[in-house]
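These protein sequence lines map, in sequence, to chains V and Z. Each residue of the first sequence is one higher than the one before, starting from 1 at the first, in the working numbering. Each residue of the second sequence is one higher than the one before, starting from 1 at the first, in the working numbering.
Keep in mind that the hints were calculated from the coordinates and are not lab data. All figures in this text were calculated on a predicted structure; none of them were measured in a lab. Backbone N, C-alpha and C define an ideal beta-carbon position, used for all residues, glycine too. Careful, some of the hints might be misleading.
[Said to hold, decoys possible] Residues from chain Z shown here face chain V by an in silico Cβ test under 8 angstroms; the list is partial: (1) 23; (2) 26; (3) 27; (4) 31; (5) 34; (6) 35; (7) 698.
[Stated by the list, open to error] Label pairs and their computed distance ranges (CB to CB): (8) V:96 x Z:504: 54 to 64 angstroms; (9) V:113 x Z:507: 52 to 62 angstroms; (10) V:113 x Z:54: 51 to 61 angstroms; (11) Z:45 x V:47: 14 to 24 angstroms; (12) Z:46 x V:113: 39 to 49 angstroms; (13) V:47 x Z:507: 52 to 62 angstroms; (14) Z:403 x V:74: 30 to 40 angstroms; (15) V:74 x Z:40: 18 to 28 angstroms; (16) Z:40 x V:47: 14 to 24 angstroms; (17) Z:46 x V:44: 26 to 36 angstroms.
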Amino acid sequence: MGKERRVTVENTDVLQGTLDLLILKAVSLEPMHGWAVSQRIRELSGDALQVNQGSLYPALHRLEYRGWIAAEWGVSEHNRKAKFYRLTRSGRRQLAREQEQWRRFAVGVELVLAAG
Amino acid sequence: MDWIRGRMRRLRSWLFRNAAERELQDELRLHVELETEAGVRRGLSAGEARRVALRSFGGEDRYAEETRAARGGAVLEQSWQDLQLALRMLRKSPQFTVAALATLALGIGANTAIFTVVDAVLLRASPFAEPDRLVLVWETDRASGTVHEPASWPDIVDLRERSRTLVGLGALAAAPATLTGRGDPERVSVLAVTANTPQLLGLKPLLGQLFEAGDGTPGTARVLLSEAYWRRRFAADPAVIGSTLLLNGEATTVAGVLPAESDLGIAQVHARADYSAPLAAPTVDVWQASAPTAEAWPRQTHPFLAVGRLAPGATLAGAQDELAGIMAELERQYPENEARGINLEPYETVTFGGVRPALLVLLGAVWLVLLVACVNIANLLLARTAARAREVAVRRALGAATARMTRQFLLESAVLTTLGAAAGVILAYGGLTLLVAVTPANIPRLAGARLDVRVLGFTAAVAVAVAFTFGLAPLLQVRRLDLQGVLKAQPGRGATGAYESRRFRNVLVVAEVALAVTLVVGAGLLLRSFWALAAVDPGFRTANVLKAEYQLPASRYPMDFTRWPNLPDINTFHAELQRRVLALPGVAAVSVAARHPLDPGFTNSFEVVGREAEAADWPEIRCRFISSGYLETMGVPLSAGRALADTDVAGTTPVAVINRAAARRYFPGREPVGQQLRFWGTSWQIVGVIGDERFNGLTEAAEPAVYTPLAQAPQQSAVLLVRGVRDPRSLIPSIRREFAALDPELALYGTEPLEQTVAASIARSRFTALLLALFGGIAFLLALAGVHGVLSYTVAQRTAELGIRMALGATHGSVVRLVVGDGARLALLGITIGLIAALAGSRLLTSLVFGVGARDAATFTTVAVGVLLTAGLASWLPARRAARADPMTALRAE
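With the hints as constraints, model all of the structure from the sequences given.
Shown next as structure tokens:
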């Protein structure tokens, strides 16, 4: 039944900014590889948000290309080679900006919905 | 800093794109592994967990592509990939590629070459100032009905003094001369002009200066050289200015050099004149200043071509009226001007009048071919579209970005058109070289034709625009389509939109067939004309006959009219030359004549002694001067009486032979032999009747002519006609030796087999017919390719349908009939439209056809049937393929 309530975050125009925000937030906690990012978002959202893998990697590379996150090859929990992403300084500023924007957006939507 | 890092990353990722690619693979593999393990932990089997993990990626193509795109440097890398892909795609369908390249090359190349010729001849600026204000001033003769007679010198002087509508009037006359004192004697094409002529035409000298007033009077003999002659004979040496040339033994000073194309198209002007002095060549080598006097050139002589310039504000009609008034005054004043009038013609009409229709028809043909080529490219690309609709749909479903695909299709078009345009440029260059080489010499200004970059650019732009428009068609079409529909539909069962595209392609095929039919009909008419022309019996036999012309200079072979015709210097030279050449081995017959059979010469008024009253209504008769041996040499039959003989010389009874046309016209029901003709104050006894020769070109019927012995009417200019036992070219050296032995100061010119002279006289019509046939052929092949292509595609689309029909019992024959019927319907519609267009356009061809009507039913029918049959064949091939297919295979196709 949890499946019905889960929202898939995909790389569509509306939700792309949201996906970027979620990824930035996830890697701001600690450096982690791609699969861990998707798991962390799922856990933190209480299983409500599911990141489509087809959107995750393009987003990671896009953020890396913009310089908001940096990648480094390291060794994962089971001693496997993995690419770890961490937040850069400009990424941190971007995260703050996007968090602020998102909150204003969410408050706005809430106000509109509360009106009825 | 981050910005710089970003750039660096972008560069690095492009430089090390293979490493980046590997890393991406590693990263994704790890993800799938971890996801699979997570699935196993949730209780799935290993295989199922892996499938779920893979599925969570969505379209595999898309994630990879988008990830790469997000990585920097993607644009550069993708362009390179696209280029490779484009080349691979073109290589993969060689039929399409060759067809498209050939179409582009023909459309661009042939078009540019022909347009360059038309541009050089008709459109390029002439060296004259305001050439549209120049007029040729002809005299008319109401008595003979001639309207293109050269003018007399006193008339020119009077017109020049009294006219207000002309700002100037120049006189020209061909005066071929022999240049001596600089190596071997050389025949030079000299045009004698009044000193004001170059200024009047608005010419600017390349070097030196033009004539000054008074040049040409005794003691001031000055000449201008043509640029071509200056380069050829004097190696473009500027020191030639001021030097002395010996022309016919007279010293003249070189004043300057005139630019190319300054000679008014003198050959065309000459051809227009009712009579004129012979030209040595169709272009002018040397302009000689001449100051005629009324004493030397009285009113009754008409040797001068007159060219005038309209005064500002004056119109052609106004000038015609004014000059006609002046001529009427002159007619009242001078008895010599009885029945004389005036006829003004724009110079451009005369010079280009004969060439213009042919070139315009060729230009029109070239546009039609370009149109057919464009239609064909469109058709080829659309056929490919159909084939690629699935490819596009699949790739889009797999997540390929539309922008990326657009870029790739554009690149493919660009590669195709670049290669096609390059081939077109090569073809244009080669074609132009070939055109200039095969073009008859009587098309003015052609030598100046250079490949025009603007023209090339224009045609290339047209073809490329078409290719690009239709190159993108697959995308436009697929964008409109329901992707699911295309993907789900079996290609054989008619995808959505296919009907629409097929209808569009049918329209293109009909257009293509129609254009091709129009062209082929035109080509057919001109080819039939040319064959009719080549089959004309000229009345003389050219095989193994050599002609060589010469001119006896007045200084050493004077024309003394007090003793005429007893001029031993001239008569002995001609007779001695004939005797010596006849003695050469390999010579069958020899004659000396005033003109060769394709040079019409002049006409003269005449009367029959005893029937003088009738002569008032008679037109002038063509006058020919020949020595003995003419009939044998030229293969002209003797119908009655005897031929002219060696014994018919000055001092014996003047005699003449007439041709059959003259006998029919002036002696119907009478015996001409024994009658006397009277002209030049002499009565000539008719001794024989001979066959008709066509002097006025092959298209004109033989006109009445009288032949008198050269020895009884001596001429300074003459032509030696030699019939050899075999190819007469081998005789040239020995003939030259005999000629030089008689007079080492003289030049023999125009030495060529008479067959060549005849061929040159119909060269223009051969040229036009040949080119149009070429265009017709190209258009025809393109159209056939179009019919074949459309039907092949249709058949491929209907494979399943045809399979069902055959499974239900349709015979092979009925399937073939079905498909061929489709092709025939398209062809019939195209043929009908094409025939209507050809009928409407046939008016343009009227002046170019000979011996066949411009609406010749046989040509129209042949073309229609021929195109229908070949179109049938073109559709039969795919039809056979369809009928041969095994119904089960057809049903299961794809």
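Going through the hints against the structure:
1. 23: This hint holds: residue 23 of chain Z lies near chain V, its Cβ roughly 7 angstroms from the closest one there, short of 8 angstroms.
2. 26: holds (7 angstroms)
3. 27: holds (5 angstroms)
4. 31: Holds, about 5 angstroms.
5. 34: Since the shortest Cβ distance to chain V is 4 angstroms, the answer is holds.
6. 35: holds (6 angstroms)
7. 698: Violated. Min distance 79 angstroms.
8. V:96 x Z:504: 54 to 64 angstroms: Holds: the Cβ-Cβ distance is about 57 angstroms, inside 54 to 64 angstroms.
9. V:113 x Z:507: 52 to 62 angstroms: holds (56 angstroms)
10. V:113 x Z:54: 51 to 61 angstroms: Hint violated: Cβ distance 38 angstroms, outside 51 to 61 angstroms.
11. Z:45 x V:47: 14 to 24 angstroms: Since residue 45 of chain Z and residue 47 of chain V have Cβ atoms about 23 angstroms apart, the given range 14 to 24 angstroms holds.
12. Z:46 x V:113: 39 to 49 angstroms: holds (45 angstroms)
13. V:47 x Z:507: 52 to 62 angstroms: With Cβ atoms ~60 angstroms apart, the hint holds.
14. Z:403 x V:74: 30 to 40 angstroms: holds (35 angstroms)
15. V:74 x Z:40: 18 to 28 angstroms: holds (24 angstroms)
16. Z:40 x V:47: 14 to 24 angstroms: Hint holds: Cβ distance 19 angstroms, inside 14 to 24 angstroms.
17. Z:46 x V:44: 26 to 36 angstroms: holds (28 angstroms)
The structure fails to meet hints 7 and 10 from the earlier list, while all remaining hints are met.
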